[in-house]
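Going down the list, the sequences are from chains A and B.
According to numbering that gives the first Met the number 0, the residues represented by the first sequence are 0 to 403, in order.
According to numbering that gives the first Met the number 0, the residues represented by the second sequence are 0 to 403, in order.
Hint data in this document are derived by calculation from the structure and do not stem from the laboratory.
Any given hint might turn out to be false.
Copies of the same chain are indistinguishable here, so a pair counts whether it falls within one copy or spans any two.
Computed cross-link-like contacts, DSSO-like style, restricted to lysine-lysine with a CA-CA straight-line distance of at most 30 Å [unchecked claim]:
(1) 241 to 204
(2) 91 to 344
(3) 396 to 207
(4) 396 to 286
(5) 362 to 67
(6) 333 to 126
(7) 344 to 126
(8) 344 to 26
(9) 326 to 339
(10) 396 to 344
(11) 254 to 137
(12) 126 to 362
(13) 166 to 28
(14) 207 to 326
(15) 286 to 24
(16) 154 to 28
(17) 133 to 344
(18) 363 to 254
Protein chains: 2
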Amino acid sequence: MIRINGGVCAAKGFKASGIHCGIRKNKEKKDLSLIFSELSASASAVYTTNLVKGAPLTVTKSHLQNGKAQAIICNSGNANTCNANGIEIAEKTCELLAKELNIPQDDVIVASTGVIGQKLDITPIAKNIPSLVKSLSKDGGDDASEGIMTTDTVKKEIAFEFEISGKTCRIGGIAKGSGMIHPDMATMLVFITTDVSISPEMLSKALKTDVSSTFNMVSVDGDTSTNDMVTVMANGMAGNDKIVEENEDFAIFMKALNSVTVYLCRAIASDGEGATKLLECTVSGAKTLADAKKIAKSVVCSSLLKAAMFGADANWGRILCAIGYSKADVDVSKIGVFLKSRAGKIEVCRDGSGVDFSEDEAKKILSENEIDIEINCGDGEYSSVAWGCDLTYDYVKINGDYRT
Amino acid sequence: MIRINGGVCAAKGFKASGIHCGIRKNKEKKDLSLIFSELSASASAVYTTNLVKGAPLTVTKSHLQNGKAQAIICNSGNANTCNANGIEIAEKTCELLAKELNIPQDDVIVASTGVIGQKLDITPIAKNIPSLVKSLSKDGGDDASEGIMTTDTVKKEIAFEFEISGKTCRIGGIAKGSGMIHPDMATMLVFITTDVSISPEMLSKALKTDVSSTFNMVSVDGDTSTNDMVTVMANGMAGNDKIVEENEDFAIFMKALNSVTVYLCRAIASDGEGATKLLECTVSGAKTLADAKKIAKSVVCSSLLKAAMFGADANWGRILCAIGYSKADVDVSKIGVFLKSRAGKIEVCRDGSGVDFSEDEAKKILSENEIDIEINCGDGEYSSVAWGCDLTYDYVKINGDYRT
Numbered sequence: 000m001i002r003i004n005g006g007v008c009a010a011k012g013f014k015a016s017g018i019h020c021g022i023r024k025n026k027e028k029k030d031l032s033l034i035f036s037e038l039s040a041s042a043s044a045v046y047t048t049n050l051v052k053g054a055p056l057t058v059t060k061s062h063l064q065n066g067k068a069q070a071i072i073c074n075s076g077n078a079n080t081c082n083a084n085g086i087e088i089a090e091k092t093c094e095l096l097a098k099e100l101n102i103p104q105d106d107v108i109v110a111s112t113g114v115i116g117q118k119l120d121i122t123p124i125a126k127n128i129p130s131l132v133k134s135l136s137k138d139g140g141d142d143a144s145e146g147i148m149t150t151d152t153v154k155k156e157i158a159f160e161f162e163i164s165g166k167t168c169r170i171g172g173i174a175k176g177s178g179m180i181h182p183d184m185a186t187m188l189v190f191i192t193t194d195v196s197i198s199p200e201m202l203s204k205a206l207k208t209d210v211s212s213t214f215n216m217v218s219v220d221g222d223t224s225t226n227d228m229v230t231v232m233a234n235g236m237a238g239n240d241k242i243v244e245e246n247e248d249f250a251i252f253m254k255a256l257n258s259v260t261v262y263l264c265r266a267i268a269s270d271g272e273g274a275t276k277l278l279e280c281t282v283s284g285a286k287t288l289a290d291a292k293k294i295a296k297s298v299v300c301s302s303l304l305k306a307a308m309f310g311a312d313a314n315w316g317r318i319l320c321a322i323g324y325s326k327a328d329v330d331v332s333k334i335g336v337f338l339k340s341r342a343g344k345i346e347v348c349r350d351g352s353g354v355d356f357s358e359d360e361a362k363k364i365l366s367e368n369e370i371d372i373e374i375n376c377g378d379g380e381y382s383s384v385a386w387g388c389d390l391t392y393d394y395v396k397i398n399g400d401y402r403t
Numbered sequence: 000m001i002r003i004n005g006g007v008c009a010a011k012g013f014k015a016s017g018i019h020c021g022i023r024k025n026k027e028k029k030d031l032s033l034i035f036s037e038l039s040a041s042a043s044a045v046y047t048t049n050l051v052k053g054a055p056l057t058v059t060k061s062h063l064q065n066g067k068a069q070a071i072i073c074n075s076g077n078a079n080t081c082n083a084n085g086i087e088i089a090e091k092t093c094e095l096l097a098k099e100l101n102i103p104q105d106d107v108i109v110a111s112t113g114v115i116g117q118k119l120d121i122t123p124i125a126k127n128i129p130s131l132v133k134s135l136s137k138d139g140g141d142d143a144s145e146g147i148m149t150t151d152t153v154k155k156e157i158a159f160e161f162e163i164s165g166k167t168c169r170i171g172g173i174a175k176g177s178g179m180i181h182p183d184m185a186t187m188l189v190f191i192t193t194d195v196s197i198s199p200e201m202l203s204k205a206l207k208t209d210v211s212s213t214f215n216m217v218s219v220d221g222d223t224s225t226n227d228m229v230t231v232m233a234n235g236m237a238g239n240d241k242i243v244e245e246n247e248d249f250a251i252f253m254k255a256l257n258s259v260t261v262y263l264c265r266a267i268a269s270d271g272e273g274a275t276k277l278l279e280c281t282v283s284g285a286k287t288l289a290d291a292k293k294i295a296k297s298v299v300c301s302s303l304l305k306a307a308m309f310g311a312d313a314n315w316g317r318i319l320c321a322i323g324y325s326k327a328d329v330d331v332s333k334i335g336v337f338l339k340s341r342a343g344k345i346e347v348c349r350d351g352s353g354v355d356f357s358e359d360e361a362k363k364i365l366s367e368n369e370i371d372i373e374i375n376c377g378d379g380e381y382s383s384v385a386w387g388c389d390l391t392y393d394y395v396k397i398n399g400d401y402r403t
């Protein structure tokens, strides 16, 4: 598997575009994106479990009942959530786009991200759908990834090339996500495209399996968004034998999908609002997979640990504290903890108690921008990884005045 | 019921003291506190549910098996948690104090607060127990409340006088708590004293009932401490008919206890690390008490909302978002939200959707230092209150470099 350029346009038959339509006041900022597949594609999605759901999610869910889609439209600057006429606006968006692309309305996936509870005017969207469609190109992945950004500071895109049954296949994805990141069965906005031939059922199975160990293991701030959605479209244009069961080809596809999702998880966490450091917590030796996950996620979610990482302070007691309240079944007296980065690796805790270490060395290790927290529970065979970021002044600044 | 001075020394027969013994480097900062009852008292405690528990909690739990205690000793600056010889140190502390006070060793409650995972040297404690005991006085409540402070910026003490069966009774308490506040069945360090005559069983019942709607509804940062403990000692010196069942006297005592705990909850939340504002979230119209509690706590725990409150930004969508992921059984389309403070009250959400409001008025209301968030679920008869604080630059500052 090799990494290639092109993001969501890397796979055969996919084009994209991103423009400024006027939802945002800042004309420099793109706020409307489109991804289009020449052929109708198998499609699947997972959504936020937040009871308060963005209207676009309801519409997309209904459109994906047949496991097919051909286009994705997404605006930023307004979440279209807690709006009395939200569904109507989301449906109208699909209707207008479908007409312009000459595809069935229920082959459109619609998504929104931005402020919750502000009315969304259809006018700028309606007026600009023709130019959005006209701008579609094989080089448009970059623009599309820009159009879905909110407080993101960098675009998040990735693509890989691999082989299934002798055919060259490609998969690519884009993501937005910076704050309100604490997915539960879903995540922030992620759009993945591939030219692999796979049935909607197997595509859905692949996505759901993958998400549980990738996007559901990311946290920036403990807030589960109302608009989380990961979608994948597979248009079959690679020409491989269609994947319809859990065979070797499916395993290859799962691996390719996982390469995309892990990359995007790390990209989302390291671009967490205000973040200066990516935290990767690896738990091993847990009694069950569920225990390993609970511990890893609890650690990357601890505000206290996150603030300590910002300050490059090896306050490992906060790691033990977060393990202790994680509700995982764990024997504290067997826990070992290492801190690691490009600058080195130190042991800070053995058998649940502190070990002497050099504060200077610890400071050096924690001053890097990618920190690994390695926890061994010494009590089983299960492991898990979670991703998060540090808690900084800028998180407070960004969120103290987000709307204005 | 009237508010009086004296804190933990307000009730008959209680004395206290607080000194600098040398656990902390800063000699200006008291780090060892003692509360003593002339007579052996009924005693009860609730503890953190964190699996990683401070050694003092284990020792205290065993000492309170008989429902009796006569003294409380507490150090700050070191949590005596994740220390290989922690239990030994905690036991030794009790032994030395018991000898000095000439009381049974298992009538001592021991507590610690501070950094987790640093070895605790018994020497400064052992050396200073005699002077700690010598300093005991009826005016020592203030010193004792100072000796348990960590990142707290203000002392937290309160006392009330009330009557049971014609006898004047008193109850008082002190608390420490500023960060790592997200109690689960317990809370930060809280020591309550009363001269009411009550059996250990009824005292325990009163405490457990009260805590579920008071200390368990406070959150500063979502981190459940390893050393949380609330204790209450009742020495019976008020001379009321001993409370041994759920009668009218018990109800009066519950009310007095609740006055102390609610005061301390609000004091802990408004002195949350870095906090500039106390948030009080009142949920009404919920289907069940559990739903009301889930919603209230989810809202005061949202990092995004906490940051918005710091910025006096009426971003009410984040309130709806937090309700949505609270796991409460709620009908989003019936939810109404008001924001309130000394400066006024505005409606921001009705039937789950936004209503127009004046941003200027909202700014004025949210610029106060006590903000009420009123949520009506419109779907039942249950209500609940939770307390929290805003998320500020100073929280990050304090926790980015706590140990050094």
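* Violated hints, by number in ascending order, as checked against the structure -> Of the numbered hints, 2, 3, 4, 5, 6, 7, 8, 12, 13, 15, 17 and 18 do not hold.
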